[in-house]
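Q: Kindly produce the complete structure, drawing on both the sequences and the hints.
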Amino acid sequence: MEYNSAKIEDFRDIWVFCEQRRGKLMETDFELVSEGRKLADERHSQLVGVLLGDDVRDLAKEIGAYGADKVYVISDPALKDYSSETYADALCQIVMDKKPEVLLIGASTIGRDLAPRCAARLHTGLTADCTHLDIDMNKYLDFLKEASSIDLSTRKFKMEDTNLKMTRPAFGGHMMATITCPRFRPCMSTVRPGVMKKGTYDEAKAASVTVEDYAVSLKEPLVKVLEIVTEEKKGVDLLGAEVIVAVGAGISRDVEKGMALAQELADALGGGVVAGSRPAVEAGWLDHELQIGQTGKTVRPKIYVALGISGAIQHKAGMQDAETVIAVNSNPSAPIFEAATYGIVGDLFEVIPKMIASIRAAKEAK
Amino acid sequence: MILTEKYQLLRRNFRNFAETEFTDELQKRLDTEGGYEAEMYQKMARYGFTGIKIPVEYGGQGGDSLAYVLMIEEFARVCPVLAIYANTPNSLGGGPLVMCGNEEQKQKYLPDIAAGRKHIVFALTEPGAGSDAGGTLTTAVADGDDFILNGRKCFVSGAPIADYAVIYAKTDPTAKGSRGISMFIVDLKLPGITIGKAEAKMGINGYPTSDITMDNVRVSKADLLGPLHDGFRMAMKTLDGGRLGISAQALGLAQGCLEEAIRYARERKQFGKPIAANQGVSFMIAEMATEIEAARELVYATAVAKDAGAPDSSMKCAMAKYFASEMANRAAYKAVQIFGGYGYIKDYKVERFYRDARILSIYEGTSQIQQLVIANTLLR
Amino acid sequence: MKIYVCVKQVPDTSGKVAVKENGVLDRASMKTIINPDDLNAVEAALQIKDQEGCEVIAVTMGPPAAEGMLRELLAMGVDKAVLISGREFGGSDTFATSQVLAGGIHHLGLEKEDIVFCGRQAIDGDTAQVGPQIAEKLNIPQITYAGEVRYENGKVYVKRMTEDGYMRVEAETPVLITCIKELNQPRYMTVRGILECYDKPITVLDYPTLENEPLIDKTTIGLAGSPTTIFQSFTPPVAKGGEMLEGTTQEKCDTLAAKLAKAQLL
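Chains as they are written, first to last, in my numbering: chain A, 2 to 367; chain B, -18 to 361; chain C, 2 to 267.
Simulated from the structure, these hints should not be mistaken for lab results. Yeah, the Cβ is synthetic: ideal placement off N, Cα and C, and Gly gets one too. Hints may be right or wrong, so weigh each one.
The following residues of chain B were derived to be distant from chain C, with all beta-carbon distances above 10 angstroms [claimed, not checked]: (1) Glu(-14); (2) Gln42; (3) Gly44; (4) Asp93; (5) Thr120; (6) Phe136; (7) Arg214; (8) Lys218; (9) Glu332.
Computed cross-link-like contacts, DSS-like style, restricted to lysine-lysine with a CA-CA straight-line distance of at most 27 angstroms [what the hints assert, rightly or not]: (10) A:Lys39 - C:Lys219; (11) A:Lys298 - B:Lys170; (12) C:Lys263 - A:Lys367; (13) B:Lys24 - B:Lys9.
A: Shown next as structure tokens:
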């Protein structure tokens, strides 16, 4: 069969689907636009944002501010809130008409609903949850040098390759794979939120962005939205927490200060939960619900910080599956260091304030 | 024994159920507070566990003894007391009905038992009679369409939560020894029945055990189970199945001990190395594992032999129960030993395993009674 | 009324270690499992079956060995198991896979009152793409991230979970719903189900059976036909391992912050 999507020479420009909820752009949009800008420069093409909603034209400026040359706005009351059907109809219509080479979509619950539906209709490939994108081969090889264990000196690559190279984790993160879509266009990719670096807001670019309205014809969707509810995050969710700072007997010298430092560190790490080892819980410093270990909870956060915890196996049993473990202990032979990704030997009351400052500085630099 | 795909899948399903449903929190609560977890019994019933050996035509699953021992083993590996929940309706409780019940009795009782709607327990032991049935003092005297039962049964596992009990009573006072005893299905709501207070036990907490006292209890003749005056022989047959169940429970408990011990021996460090690096510890593990493997082969082979009607299957049931329960006690002892001081602390599962193991070589016939059965078979 | 459930056999990537009876690592048992989210889809289908008495059909695309997984689903209460298997389908990406699965469902017959359930995503790829792509190919609406599902009189009522809350939606059948693990707790197999599942037939749809299926374009299935291709795969260079940070306290903290930033953890 012949597909329009196979006439790849007809497709140009880098597009970003800009997701808005309740008239507000998502943080991921800015990350994707910033990343898209780099790709457009590598490809010497235009960066275009596409914005769907009802009365959302004003948001186009913001998209421009992060680097878009142009924004297509599709305004329609039927697009006010997300619907798989109307959004897919609208996005597919404009894509089939304008033919972008690359289409990036944030991997939110909306993006991951919309992108596959569109890819199937547009007859093209889609790569999910990408963590890294390249077009230029030199840049890609630089990336491989950094991020892989491949010996590049033994490998030959076609340096003129201009396909979008989409890298993502596979097999639960045990491996990485770079995916391309060589025969069909657009190359579609969803990108994990928080992965790409957001650029800076540029007032001049915001003012100069071209905004173009685009009209689509939409059918009444078959899935009817009855209600949309936004929920505040509440309570302490130890099991779901991405960051956990756990305290142990090591804070006994000044419990109040130790707890405060732990909370401050958790906040600096992007908002986390303070928990404790069994001795800390039994001393009454923390609620039993917050105990980690054999007789407490088993957690697997992204970051686990163990402060003044010696690391008995009973404790390790509850946290050894954490992705990154940072251990601070004054005893260099404390077993917690065996379970740690990074170990710091020192007095936690001295280390933690400095650690908080370093982390804050690193975040600002980003 | 190499299990076929079907039995492997049964095992995996039992294991998945036990590991998911028998939470540490539930196990600790049952151990410290006792009582009974009715909700868990219902969950087991939903998947057919409470009726695994009951025939399909009576609402059961129609499984064989091998499927049954796999279930008890896997449940006991995680929680020995919860293994009893699934055991009773399939062995001592439901077993006599399946074996001796007439069609009417089976239709009346088994579907409710298989589905977990009703509980049936086994009441043989008396204050003055355990393995020695000759001391049975409970009497049943025919009176019109009924029998009138009087007496007291003790250590009845599950009595406080049961709807029915299979009760053994002397129907022929002139007969000597184990003769002249009959089985009755007794509705525990009948007038004249008193259920005693749950005993405070060393282990196996969470499945209450108590007395049943009968004071002129009228039981319909329709509830006489099996042949009149020949109940004791039936009790012994029931106990074959029961002993196989206990051997599987012992096997599972020992397996649980072994896994706990291996994990701990690898992780616990002393003198700069895991304690598993010490031969004193590693040899204990080797011994546990070898004994468990030997018991497993014996238990599975006995299950198959029993279903095949092998002539020596009664003896094999006694051997399996004797060997596996003694072995489980040795395994629990070693597990606690490997854990050291921690093994003596209630937060650690081996402490509970150790207490739970102790009953295994006692109930459904002590090890000495099993030896007696084996010896009598060989020397008769 | 029929309910199709799309399932996948996946390698167990959870890292949970299976220990054999003798205490050693059980690699054989770790090899493949039913994709966890798919079990939630099966449960959702079986709950509607409990309520409505309809037929539940599990469909998978995979190697002949996927039969074992299908037997487990039969033991849970699924009525019919369908294995789409053929070398021609091997190596398919999500686009190609969804085409084949949609083709299989179309071949078996999708009617007005039917529902298709999928798991949200498979743990080997984590793409969450196949469900919506099947819906598109079958030309039926989709509801993803279902956290609650209710069926009543030909309509489904779904609580669709989002990052910041949820939305309640309704749709008439036919509809495709993708399920998250919070939706339900999958039931276990029943003993009788296991005892009987090995005697039940498995429907096999091979390539010649589906070759002329209108929803399948032969040129875009399998490894060669898939739109996406693996350009390069690799393992990250450094494994997790205790690294003691050196220097003054200030230097240690700066090094740590830099490493966290580089690992995208800040």
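Q: Now tell me, hint by hint, if it's right for this structure.
A: Outcome of the hint check:
1. Non-interface call for Glu(-14) (chain B) relative to chain C: violated, since the shortest CB-CB distance, roughly 7 angstroms, does not exceed 10 angstroms.
2. Distance check for Gln42 (chain B) against chain C: the nearest CB is about 4 angstroms away, which does not clear 10 angstroms, and the non-interface claim fails.
3. With a least CB separation of 5 angstroms from chain C, Gly44 (chain B) falls inside the 10 angstroms interface cut-off, contrary to its annotation.
4. Against chain C, the non-interface label of Asp93 (chain B) holds: every CB pair exceeds 10 angstroms, the least being about 17 angstroms.
5. No beta-carbon of chain C is positioned within 10 angstroms of the beta-carbon of Thr120 (chain B); the least distance is around 40 angstroms.
6. Against the 10 angstroms criterion, Phe136 (chain B) stays outside the reach of chain C, whose nearest CB is about 30 angstroms from its own CB.
7. Against chain C, the non-interface label of Arg214 (chain B) holds: every CB pair exceeds 10 angstroms, the least being about 30 angstroms.
8. The beta carbon of Lys218 (chain B) sits about 23 angstroms from the closest Cβ of chain C, which is more than 10 angstroms, so the claim that it is off the interface holds.
9. Here Glu332 (chain B) stays apart from chain C, with its beta-carbon at least about 20 angstroms from theirs, past the 10 angstroms limit.
10. A distance of roughly 37 angstroms separates the Cα atoms of Lys39 (chain A) and Lys219 (chain C); the hinted pair therefore is violated under the 27 angstroms criterion.
11. A hinted pair counts as satisfied when its Cα atoms are at most 27 angstroms apart, and Lys298 (chain A) with Lys170 (chain B) does not qualify at roughly 44 angstroms.
12. With a CA separation close to 10 angstroms, the supplied pair Lys263 (chain C) and Lys367 (chain A) stays within the 27 angstroms bound.
13. Our distance criterion of 27 angstroms between C-alpha atoms is met by Lys24 (chain B) and Lys9 (chain B), whose separation comes to about 19 angstroms.
The structure fails to meet hints 1, 2, 3, 10, 11 from the earlier list, while all remaining hints are met.
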